[in-house]
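Please model the complete structure; the sequences and the hints are all you need to start from.
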Amino acid sequence: MKLNGARILLECLKREGVDTIFGYPGGTVINLYDELFSFKEIRHILPRHEQAGVHAADGYARATGKVGVAIATSGPGATNTITGIATAYMDSIPMVIITGQVPTALIGNDAFQEADIIGITRPCTKHNFLVKDVRDLATIMKKAFYIARTGRPGPVVVDLPKDVQIAQTEFHYPESVEIRGYKPTVEGHPKQIEKAIASIMQAKKPVIYVGGGVILANAAAELVAVAKRLGIPVTTTLMGLGAYPENDPQSLGLLGMHGTYYANMAVSHCDMLIAIGARFDDRVTGKIASFAPHAKIVHVDVDPTSIKKNVRVDLPIVGDVRDVLQKMLKVADEIGPDAKACQAALAPWIAEIDEWKTKHPMTYKQSTSVIKPQYVIQRLRALSDPDAIVATDVGQHQMWTAQFFGFTAPRTLLSSGGLGTMGFGLPAAMGAQAGFPERQVMVVCGDGGFQMNMQELATIVQNRLNVKIVILNNNFLGMVRQWQELFFDKRYSSTCMELPIDFIKLAEAFGATGLQATKVDEVDEVIKKGFAIKGPVLMEFKVAREEKVLPMVPAGASLTEMVLAS
Amino acid sequence: MRHTIAVLVENEFGVLSRVVGLFSGRGFNIDSLTVAPTNDEALSRITLVTRGDEQIIEQITKQLNKLIDVIKVIDFEPENAIEREMVLVKVSAEDQSRAEVLRIADIFRAKVIDVTPKSYTLEATGAPAKVSAMVELLRPLGLKELVSTGPVVIGRGAKAWKG
Chain E
1 MKLNGARILL ECLKREGVDT IFGYPGGTVI NLYDELFSFK EIRHILPRHE QAGVHAADGY
61 ARATGKVGVA IATSGPGATN TITGIATAYM DSIPMVIITG QVPTALIGND AFQEADIIGI
121 TRPCTKHNFL VKDVRDLATI MKKAFYIART GRPGPVVVDL PKDVQIAQTE FHYPESVEIR
181 GYKPTVEGHP KQIEKAIASI MQAKKPVIYV GGGVILANAA AELVAVAKRL GIPVTTTLMG
241 LGAYPENDPQ SLGLLGMHGT YYANMAVSHC DMLIAIGARF DDRVTGKIAS FAPHAKIVHV
301 DVDPTSIKKN VRVDLPIVGD VRDVLQKMLK VADEIGPDAK ACQAALAPWI AEIDEWKTKH
361 PMTYKQSTSV IKPQYVIQRL RALSDPDAIV ATDVGQHQMW TAQFFGFTAP RTLLSSGGLG
421 TMGFGLPAAM GAQAGFPERQ VMVVCGDGGF QMNMQELATI VQNRLNVKIV ILNNNFLGMV
481 RQWQELFFDK RYSSTCMELP IDFIKLAEAF GATGLQATKV DEVDEVIKKG FAIKGPVLME
541 FKVAREEKVL PMVPAGASLT EMVLAS
Chain R
1 MRHTIAVLVE NEFGVLSRVV GLFSGRGFNI DSLTVAPTND EALSRITLVT RGDEQIIEQI
61 TKQLNKLIDV IKVIDFEPEN AIEREMVLVK VSAEDQSRAE VLRIADIFRA KVIDVTPKSY
121 TLEATGAPAK VSAMVELLRP LGLKELVSTG PVVIGRGAKA WKG
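Those sequence lines, one after another, are chains E and R. Heads up: the first sequence at position 198 corresponds to 198 in the working numbering, and the numbers run straight through without jumps. Heads up: the second sequence at position 31 corresponds to 31 in the working numbering, and the numbers run straight through without jumps.
Don't read these hints as lab results, they were simulated from the structure. Every residue gets a Cβ at the ideal spot worked out from N, C-alpha and C, and that includes glycine. One or more hints might be untrue.
What the hints assert, rightly or not - Estimated spans, in silico, between C-beta atoms of each pair:
(1) N65(R) x E194(E): 20 to 28 Å
(2) G108(E) x V147(R): 25 to 33 Å
(3) A555(E) x L146(R): 18 to 26 Å
(4) K130(R) x S199(E): 46 to 54 Å
Said to hold, decoys possible - In silico contact screen, one side only, chain E against chain R (beta carbon under 8 Å); selected entries:
(5) R122
(6) P123
(7) G181
(8) V186
(9) P190
(10) T305
(11) W483
Following this line, the structure appears as structure tokens:
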């Protein structure tokens with residue numbers, strides 16, 4: 001039986017196991033939406049802005065591990081997706097974004113709502129496709145999902161002209177696809193792995209440095225097993241938070257610009273750094289020349305371009321992180337001493353780290369007169385479900401969440417790490433809640449980032465998504481203000497958001513509940529009440545206005561040159 | 001260091017712009033670029049000349065390999081490669097310089113492909129160094145216009161390098 005392109009697309013999505021999509025209709029996808037009207041097997045969520053739709057698909061993908069799917073119309077609809085696509089690209093999130101396109105005969109003619117989305121998204125997608133013939137559509141969709149989820153994951157755009165959606169052909173969904181130029185190396189080289197383990201066994205001061213790649217590869221359990229087997233302390237990047245439980249004694253917490261003193265000192269003094277699924281971002285390394293200056297570096301990554309891009313690497317291992325960690329464990333069992341002996345051998349190193357931990361723990365100065373944002377984060381952890389998912393926006397609150405929440409499971413922190421996209425948090429939480437309707441999902445925002453996509457309150461309420469919104473309101477674009485305070489002589493140029501927005505009324509205007517805490521002793525009460533109410537709740541905390549995120553390594557400085565909390 | 005890199009790609013629209021975009025997006029420079037289909041019509045071969053230290057060239061080849069439409073990348077060792085480029089060059093040629101242009105063309109085995117009372121247009125093919133030597137000799141005589149293909153490169157020996 002012949003089907004039209006729009007129907008074929010939906011059938012492809014169904015066969016890829018897609019149950020939820022986030023999309024915004026328009027002239028060039030109207031045929032697709034017409035098919036969707038009677039296609040009940042996929043839930044469609046209508047955001048209030050295409051950017052938020054893509055962030056929602058992204059949040060869904062980060063939380064569930066499945067491929068996120070978003071739809072936008074051509075022209076402005078498609079260009080509105082760019083920030084969302086670039087965000088997913090920087091953090092290697094598997095997504096397929098379908099954009100409508102003007103009919104093939106009009107492409108290149110400056111038709112109404114035409115934009116060259118293939119050209120525009122080329123630098124911020126893993127790959128993109130323009131479907132010129134309906135007979136190619138099913139194969140292209142198969143390829144799109146395959147590319148998005150394999151190797152180093154990433155977003156793939158499929159641009160679908162209106163006439164291709166209308167044209168008919170026989171539908172056949174291929175079981176597999178062969179792409180000549182795309183053969184990701186997933187199996188780690190056994191010899192390299194043996195060499196790495198032998199070298200690690202020689203080290204007196206090893207540190208494991210973990211990035212988001214461990215979470216993307218679903219390799220958290222393998223990471224814990226290897227770290228425990230070898231007794232090596234573990235530090236993570238922002239994207240790696242949750243890959244290793246922070247309540248474990250071997251955890252060093254966050255590394256880098258706002259990382260813990262002991263993580264940064266451990267990396268600066270280690271003789272062996274085992275980087276796993278991490279890409280040596282400048283926010284992690286600080287000044288490259290003085291990063292891990294005494295260490296041999298082993299780097300495990302599925303993407304060969306990540307290796308030796310920023311730092312020298314002594315022993316590269318290209319492969320899927322999970323596969324490599326499994327093999328590492330096996331080799332350790334074969335050639336190494338037992339776990340107890342490994343741990344005993346590292347006792348002096350652990351003692352050195354413990355001294356740093358005791359001397360400079362991750363801390364802040366509590367106050368009785370004003371709510372400290374760090375305190376709110378700690379109370380959120382204490383009063384939320386153990387498997388709660390936390391999305392954040394970008395800025396000070398993001399770093400406080402990273403520092404003080406204490407993540408213990410993968411896929412529980414959803415944050416824009418690479419691109420640092422303000423406005424990401426609220427829609428990402430919305431997507432995560434759509435993926436896990438039964439789990440507790442919250443978003444921690446600043447007052448600035450929340451205002452970038454606050455229209456999504458409407459989507460949340462309309463779709464009865466039980467998202468808890470936490471706003472740490474300091475009436476500032478806090479992180480920029482912090483830099484202005486430290487490096488620009490307190491010249492707060494355009495970072496003060498003095499307009500006193502009534503966020504409670506705003507929540508109520510959209511049909512959500514609004515709660516507010518202005519005093520320290522109201523914090524617990526608001527959190528408990530907010531979590532107890534069924535449905536979307538906005539909890540606003542009026543926090544200390546000029547609180548800083550500390551410790552801090554100034555941009556371009558070495559990890560040992562930290563400004564510490566008083 | 002100058003490197004000549006050959007990239008075998010799917011012969012589809014937009015592929016060249018992916019390759020070029022990779023260079024511009026990462027701040028790498030391309031000295032020259034040649035692209036045409038191969039004996040397999042489904043494939044195109046790009047030959048490009050770029051510069052960089054070992055680390056930059058390694059990143060360039062890795063990033064090229066990462067592109068979905070790229071099938072093979074070879075960074076040619078000069079001793080194992082034959083490089084050729086073609087130039088078309090229009091030179092002023094009046095009075096006594098007319099004979100000199102022809103002498104230079106003869107020495108470099110260039111062909112005269114157009115002639116007017118005021119100019120000769122020459123076609124020359126060869127290794128980039130040879131072609132550039134000829135151009136440098138013609139320059140003082142009045143180089144009016146020059147167009148070059150940039151180098152194409154093929155490996156020495158019997159081993160072929162197809163898809």
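Comparing the hints with the structure gives:
About 26 Å separates the C-beta atoms of N65(R) and E194(E), a value consistent with the hinted range of 20 to 28 Å. Between G108(E) and V147(R) the beta carbon distance is about 28 Å. The supplied range of 25 to 33 Å therefore holds. Taking the beta carbon of each, A555(E) and L146(R) are about 47 Å apart, not inside 18 to 26 Å as hinted. Distance hint check for K130(R) and S199(E): the Cβ-Cβ separation is about 50 Å, which falls inside the suggested range of 46 to 54 Å.
Given hint, R122(E) at the interface with chain R, holds; its Cβ is 6 Å from that chain's nearest Cβ, closer than 8 Å. Hint status for P123(E) relative to chain R: holds, with the closest Cβ pair at about 5 Å, below 8 Å. Evaluation of the G181(E) hint against chain R yields a held restraint, the C-beta minimum of about 5 Å falling below 8 Å. For V186(E), the shortest C-beta to C-beta distance to chain R is roughly 15 Å, which exceeds 8 Å, and the interface hint is violated.
Of the supplied interface hints, the one on P190(E) is violated, with its beta-carbon coming no nearer than about 22 Å to a beta-carbon of chain R, more than 8 Å. With a least beta-carbon distance of about 4 Å to chain R, the hint placing T305(E) at the interface is held under the 8 Å criterion. A distance limit of 8 Å between C-beta atoms decides the matter here; for W483(E) the minimum to chain R is near 26 Å, and the interface restraint is violated.
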